[in-house]
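As given, the protein sequences belong to chains A and B, one line each in that order.
This note's numbering applies: residue 2 is where the first sequence begins, and numbers increase by one.
This note's numbering applies: residue -17 is where the second sequence begins, and numbers increase by one.
Honestly, the hints are just simulated from the structure, not real lab data.
Don't take each hint at face value.
Unchecked claim - Below, simulated DSS-like cross-link-like pairs (lysine-lysine); rule was C-alpha separation at most 27 Å, straight line:
| # | chain 1 | residue 1 | chain 2 | residue 2 |
| --- | --- | --- | --- | --- |
| 1 | B | 137 | A | 167 |
| 2 | B | 293 | A | 90 |
| 3 | B | 179 | B | 19 |
| 4 | B | 106 | B | -5 |
| 5 | B | -14 | B | 36 |
| 6 | B | 270 | A | 155 |
| 7 | B | 106 | B | 61 |
| 8 | B | 106 | A | 173 |
| 9 | A | 173 | A | 7 |
| 10 | B | -5 | B | 51 |
| 11 | B | 287 | B | 270 |
| 12 | B | 61 | B | 179 |
| 13 | A | 155 | B | -5 |
| 14 | A | 90 | A | 4 |
| 15 | A | 6 | A | 90 |
| 16 | B | 36 | A | 90 |
| 17 | B | 61 | A | 155 |
| 18 | A | 62 | B | 106 |
| 19 | A | 155 | B | 51 |
| 20 | B | 36 | B | 19 |
| 21 | B | 99 | A | 122 |
| 22 | A | 90 | B | 32 |
| 23 | A | 90 | B | 99 |
| 24 | B | 51 | B | 137 |
| 25 | A | 155 | B | 273 |
Nothing here was measured: the structure is a model prediction, and the numbers come from that model.
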Amino acid sequence: MNKYKKITLDGLIYQNPTFMLVLGTCPTLGLISSAFSAMGMGLTVVVVLTLSNIIISALRKVIPNEVRIPCYIVVIATLVTFARMFLEKFVPDLYDSLGGFLALIVVNCIILGRAEAFANKHTVVESAVDGIANGLGFTIALTLMGIICEFFGKGSLFGLQIMEFKIGMLAKPAGTFLVYGICIALFVYIVDGFERSRRVKANKLARENMLKEAA
Amino acid sequence: MTAKQFFKSTTFKCLITLLCVLLISGIFLTVMNSLLKVTDEEKFNRAINKIYGKSVTTEAIAIDYTAQKATIDEAYRVKDDGNYLIKATGTGGFDSGTVTCWVVVAVKNGAITGIDKVVIDSNKAQSYIGNINNKFLSEFSSYDGEPFDALSMTKTGATMSARAICNAVNASIDYVNEKWLGNVTTAGTKLVNALAKLYGETQISIYGVDENGADMLITEETETVTGFITAPVTQGNATVSEMYKVVFTENDTEVVQYVLTSTGTGGFEKGTVTCMTAASAQADGTLKIFKVIITDNEGQSYIGKINHLDKYTGAIFSDGIEFTTTDGYVSTGATMSSTAINNAVNGALSYLLGNIPTNDNQEGGDE
């Protein structure tokens, strides 16, 4: 399999940071009561994660192993501060709705995790692809749960009121926790099922090849 | 270790790398800050757009005003429509926090005609500010001259934040009224309005005391009001701060009552509840409660659940009697606030029992 395709599929599905690795749960639970906030947070993480992966990968041979974590944190904090300034200037509504969670991206374990686990061992291009894939995996997961929570919890979608019926609990932390758990279960079930059927197909093909060779 | 060895060591390399990363980050953020800084003017224009949906011409006006439960941060006269745009911060929110709002006070022919819009700007420590919905904020448009009271507005699930917003709006109204329209609210008017909550439509005469200690009729025109209590008095678990005499006619009989303002301690999170208690002296030396209302509270998140105040009406108070939560003077879900209310009522009535002017004792008007 093409290595970029593998990196992309890992970030989006097989090692999805939200559903498979259960990373970045703090902003997930705090923001998925609104689809707009969830998507905004996801896209901000895409930018910060991609840039941090690129910078850390580019500097991986310069930064001594002993001080790599402090250096990563400084790079990530700088990018997050820049993201805050940018959002405050150009997207103030999103800046207001993300509140304190925006600054907390600095300690989001997805970003430091990818820097440590991937970017400091791979090339700049591979790290950039990894950052985009993981960021998009996080964004899709958050937006999906944001849509579910907002639709059933507030009767609206991206702030647009659609129906009067609502289950208020789903727009509150306890409800978002419940939705998060159900989404993880469903996602793992689907990915496992897909993997199982792929393995069955591969085994069947191998058996047929063996039989052919034996014949 | 020699200097040469140090400069070749990993420690030196680590220090230099860290310093370089810090320096580059610092320079980058400094440049970005100067490029992306949001100026005060930009912030103000954003707020205007949020309120009006378009840009309007405004003129900054002097503040120089002190309100009791809010501060006026900024004030503008909108040239397009003649209204006043006030940025006010209301206190008394959840966890002693505040809510800052933009309030558009509509003015026509020298009088306030209503509140055009209330937009929340920011808050401090208001965890439930998200519960403040448009339905609540739109209620401010129905202004009838009376101060807004969060308890009598739409329930939001954020009573304390709603109270802070009401404080900000009320202060904005008072500011425009007093500072720019010249309608100074006299102390007499404030007292008459406050007692109207107890007596409704009933025609009452309110008495305080003059400088000689004699009864003095208080009307809306009275500028300086002095009650029977000149300085707050501690009575049990309460502080009694005001006492006035109220006289009215019922079934051709003159009724004399006393209205006391007291603040009871022991509420939720060591907070307090301030109540107004109206009571009359009986021929047998006891007191009969006419009505109890809540006028203020500190930190009582569940004050909206208080529903037992009617139970006090007609109750008899004398030496040795105290209203307690175990006797049924309690509202489910607000036990601590109920305790503070009982303390306030007990304190007020204990004070009244020992301080009824002799010529009014044994008044049996409402018997």
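Checking against the hints above, which ones are violated?
2, 3, 4, 5, 6, 7, 9, 10, 12, 13, 14, 15, 17, 18, 19, 21, 25
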